[in-house]
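Engineer: First to last, the sequence lines map onto chains X and Y.
Heads up: the first sequence begins at 1 in UniProt numbering, then just goes up one per residue.
Heads up: the second sequence begins at 1 in UniProt numbering, then just goes up one per residue.
Don't read these hints as lab results, they were simulated from the structure.
For each label pair, taking beta carbons as the anchor points, the in silico distance ranges come out as:
1. Lys201(Y) <-> Ala118(X): 41 to 51 Å
2. Glu6(Y) <-> Lys148(X): 16 to 26 Å
3. Glu40(Y) <-> Asp200(X): 42 to 52 Å
4. Lys219(Y) <-> Asp67(X): 43 to 53 Å
5. Lys52(X) <-> Val125(Y): 19 to 29 Å
6. Lys52(X) <-> Lys150(Y): 28 to 38 Å
7. Asn214(X) <-> Glu124(Y): 43 to 53 Å
8. Glu144(X) <-> Ile221(Y): 28 to 38 Å
Far from chain X, some chain Y residues (derived; all Cβ distances over 10 Å):
9. Glu6
10. Ala14
11. Ser38
12. Ala48
13. Met108
14. Asn109
15. Glu124
Beta carbons are placed, not taken as given, at the ideal position from N, Cα and C, and that holds for glycine.
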Amino acid sequence: MAQNGSNNVKLLGTWGSPFALRAQVALHLKSVEHEYTEEADVLKSKSDLLVKSNPIHKKVPVLIHGDVSICESLNIVQYVDEAWPSKPSILPSLPQDRAFARFWAHFVDGKCFESIDAVAGAKDDAARMALAGNLMECLTALEEAFQKSSKGGDFFGGENIGFVDIACGGIVGPLSVIEAFSGVKFLSPEATPGLVQWADKFRAHEAVKPYMPNVAEFIEFAKKKFNV
Amino acid sequence: MAEKEEVKLLGIWASPFSRRIEMALKLKGIPYDYVEESLENKSPLLLALNPIHKKVPVLVHNGKPILESHVVLEYIDETWKHNPILPQDPFDRSKIRFFAKLVDEQIMNVGFTSMAKAEQKEREVLAEQTRELISYLEKELVGKDFFGGKSVGFLDLVAGSMIPFCMERGWEGMGLEVIKDDKFPEYKRWVKNLEKVEIVKDCIPPREKHIEHMNYMVKRIRSS
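So here's chain X without its partners, still in its complex pose (with noise of 0.2 Å):
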């Protein structure tokens, strides 16, 4: 049971954030009733409440527990499976599935996230094309630890969604902008048949649905974004 003087929970983010997402996600799979603040222009200008919570990175997601504030999504999430211990569990149970999922989730924070930031913000269509093979590579690395671990289930966590799922949750947005602006299918029956079954049954599920943009919507912000 989480030790802080007040229970009050807040959560900073931006929409469109693939990693307030997760904390997201984390939040509501516990029934964690929290207050959500949306940092409106976090690139340009940064509110005080992020400031002082998040002092080094100035970055959202920032969980604020009662007087603490937890930063970087990935921590968020083990900290809300370990503050509000009761289930679901975030992460399995046994020492060598968390080493499993932990290996995977930063799997996806390291090389995929690169390779997407790369895929989108390559100069032109040749330099686009030579990056997309690093991504392909990693969601085929995906594919397979998908295969092992979801065991027949929907998710990477078997039957119930878990931290891999949590953590790979994050891409399923980005990497849809990217797939519309330069045609090409990243998820495939082809060449990933798990990750395409497994991504449609993450935006539909009752923790993610309430919180992830739909594919027309993170478009439309794209757009926007990059004046496109």
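Starting from the known structure of chain X, fit chain Y onto it as the hints suggest.
Structural biologist: Okay, now just chain Y, sitting in the frame of chain X:
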């Protein structure tokens, strides 16, 4: 009754990431076989166990590989529960994880990787940025012998293997004084404390050889 458990560690003598695992294994009194890998010539075993990253450390426990040093440290703590290296409280745990990431990502990038690529002039700017990052760790050490309190914990192993017993060798090789005595008294005190801990002392790479290695790493980074 615990059966004989096979624990193997693939590491590199100069790698702070594998050194910290050795520290953890020694802290828990876990016997292990050590396999020395080479940066330039990775063994078929390493490539088979870690095909995605092809890096050390790899912990093999009863035939199953565990990868990534932070993941390995948590695995060790959860599997062998005596002499815990992480605190119990969820907030304290989240703080440790946060700072461990700060060390291995921002501090290492700014304080070594970027510095290696930069020219001498820019290095002083990066040194100043590194000092700012390390000052966050300095604050955490006030009133404590170690980040872990009275004894070494997760963050001591991560930050200790990385900063005083790795990056400082790199700075020496580059002729930079990053951590000035008068500005980081808590850090200095912490390093002295670390050097007195048997399991840490045993895992500090030999100094001169390490400086040479870090110089080699600088060249390698500059030519990549």
